[in-house]
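J.: Following the hints, complete the assembly by docking chain B onto the known chain A.
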Amino acid sequence: MTGKKVLVVDDEIHIVHVVAIKLRNNGYEVISADNGAEAFDLACEEKPDIIVTDFQMPVMSGLELVEKLRQRDDTKDIPVIMLTARSFAISKEQQEDLRISSCLSKPFSPKELLGNIEDVLYQKQVMVSN
Amino acid sequence: MKLRRILYAIVTVIVASSLFISALAEWQDSGTQEDWRYTGFVQRIPVASVCCILGAVGVIYLGWYQLRLTRAVTSIATLLQDDKSGDTHDGKRFFPPPKLTKIDELYQALRKHFAGCTSRITEYEKKIRDLQVKFQLSQRRGENTEAIIYSIRDAVIVIDESDRLLMANEAAGRLFNFDYNSSKLKPVSELIGPEQDEFAHFLSHNRQSMGQATRKEIEFSKDKTSEIFDCIVSCLYDQDRQVCGAVAVLHDITREKQVQQMKNDFVSHVSHELKTPLASITAFTEMLADGEANDEKTRKEFYSVIQSQAQRLNRLIEDILNCSRIESGLIKINKETASLTMLIEEQLQMIKGYAEEKEVKVIGQKPIIYDQVDVDKDMIQEVIVNLLSNAVKYTPSGGSVKIETEVDENAALVRVSVTDTGVGIPEDDIEHVFDKFYRVSANKKQAEGTGLGLNLVKQIIEKVHDGRVFVMSKVGVGSTFGFELPLATGQAVRTV
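Protein chains in written order, with this note's numbering: chain A, 1 to 130; chain B, 1001 to 1496.
So here's chain A without its partners, still in its complex pose (with noise of 0.2 Å):
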């Protein structure tokens, strides 16, 4: 997976820090962004190959951003891995619909994300492949 784009949007500057520094060093390429709105302009400039995103957010959520992504062509497949630090925010059926490939629930463990985000774009693979 090494050199696969990783947009991963969050307000909280640590946390985008941890993840960054996590993915940085097993070889991932890292952008970021503070909001849903600021990422959803760069998902559509850099087309990254995953996004991970926080679920509450200023200007625009998490959940707003993953609806607008999945309305356009050239961002509607890029899969989607949502961070929440409030349990049971997004329902399974929303989680369905959006096409959310899974949902890690706040304080994680960046190796528990590393693994998420190895795995969905091991999937990814597979589906482009087949």
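Check before you lean on any hint, since a few could be wrong.
Unchecked claim - Which residues of chain A face chain B? A partial, calculated answer using Cβ under 10 Å:
| hint | residue |
| --- | --- |
| 1 | Ile21 |
| 2 | Gln56 |
| 3 | Ile90 |
| 4 | Lys92 |
| 5 | Ser102 |
| 6 | Lys106 |
Since the hints were made in silico from the structure, they are not lab data.
Where a beta carbon is used, it is the ideal one built from N, C-alpha and C, also for glycine.
T.: What follows is chain B alone, placed relative to chain A:
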């Protein structure tokens, strides 16, 4: 008895025939005048005498019998009359009971009957009096119950077995917009309108189910506002345990629901706010443990983040506790008369180091004002330091923060204002800055905060000291935060 009747008949026949024979004999005598002395004497004396004696006896007997009959009838009439007038009849006040057996039997039977009637009448009269008392009591009880139902704050509706209105109180009339006095026996579904269909259905359904009391929370929408009511419906039973209607009590729980929602929101906010620094601490600790920090500089950076996030967590917990202590009134308040100027001076010294670090100029108040206020010194110092540190926090390097105090002798209050040349607050956010956990999105990047500092300021000033907080701001120009406190017993001396 039969014998007596025959005897009366014979006597009457004899009297009648003797009178006829004597009359006939006299007529014959008048035809034979020459022999009248002999034949008249022989024929007339024995027959006429016997007939006359028997006739006389018969007439006397009949008269006597008539008298007894009259007395018996009179005594019965008297008995009836006296009984009618309600007198008691113990027998002494009447004619002696007649000797004629049948009349006597009739008399005794009537007497017994009337005695029974009188006792029954007395009994009935007693019952009527009891019933009258019971009726009055029940009427009074009914009036009391109605008065109680009318004065209950909760809406009460009583319906009969055909879902028609039997009774409703003022609160119910207000809620469903009908006149409860003139709506009796009208179908309840018509009275409360199609908008409140859910309630009408719930009421009718529960009456038909004949079961236990049932409760349901129902939302009533009226004029764009909605109110939530806790509705309890119980069946009404008659003496034969048959359902004869239902009673519904509707309790307004809108406020309770709002408080509950606020509590839920608060818990949700708190957990979110606590989890954010905790997430950083956990992630950075794991990174250190996994050896992801490659060099000493990165490790130091990680330690520093963990430390700052732990402090943030501690501040949050302290602020949450202080807020809830003040809200619940559990905090101990030690009010004493103090000079606000002196309190401000102390806090200015505390903030100096932080301001110098950020290259922000702090300007104290001039001229010196001697103002006395009754305050909890620790709390007011917390307020001042919060306002000052906020001002420094959101003011870029090279800017300034000014604290001023002025006394309004007419209004007997002192006003403290902290003005900065910082980033300012957008108009939409201004009214929310004192809300719990509210942070101005545009300024989030400028500095860390718990979103509780200004709420604490508001609580201390308004709830503990009966003062007032205020804010004015313009984006890019700066903000002024301040508070007003009542002067201690109106004393204020100003020297320049």
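J.: Min Cβ distance, lysine 106 (chain A) to chain B: is it shorter than 10 Å?
T.: 4 Å, holds
J.: With 10 Å as the cut and Cβ atoms as the points, is isoleucine 21 (chain A) at the interface with chain B?
T.: 6 Å, holds
J.: Holds or violated: is the Cβ of isoleucine 90 (chain A) closer than 10 Å to a Cβ in chain B?
T.: 14 Å, violated
J.: Going by Cβ atoms only, is lysine 92 (chain A) closer than 10 Å to chain B?
T.: 20 Å, violated
J.: Is the interface hint satisfied for glutamine 56 (chain A)? The criterion is a beta-carbon contact with chain B at less than 10 Å.
T.: The hint holds - glutamine 56 (chain A) has a Cβ within 10 Å of chain B, the shortest such distance being about 7 Å.
J.: Would you check whether serine 102 (chain A) satisfies its interface hint, that is, whether its CB is within less than 10 Å of any CB in chain B?
T.: With a minimum Cβ separation of about 16 Å from chain B (threshold 10 Å), the hint on serine 102 (chain A) is violated.
Going down the numbered hints, you'll see the structure goes against 3, 4, 5, while the others check out.
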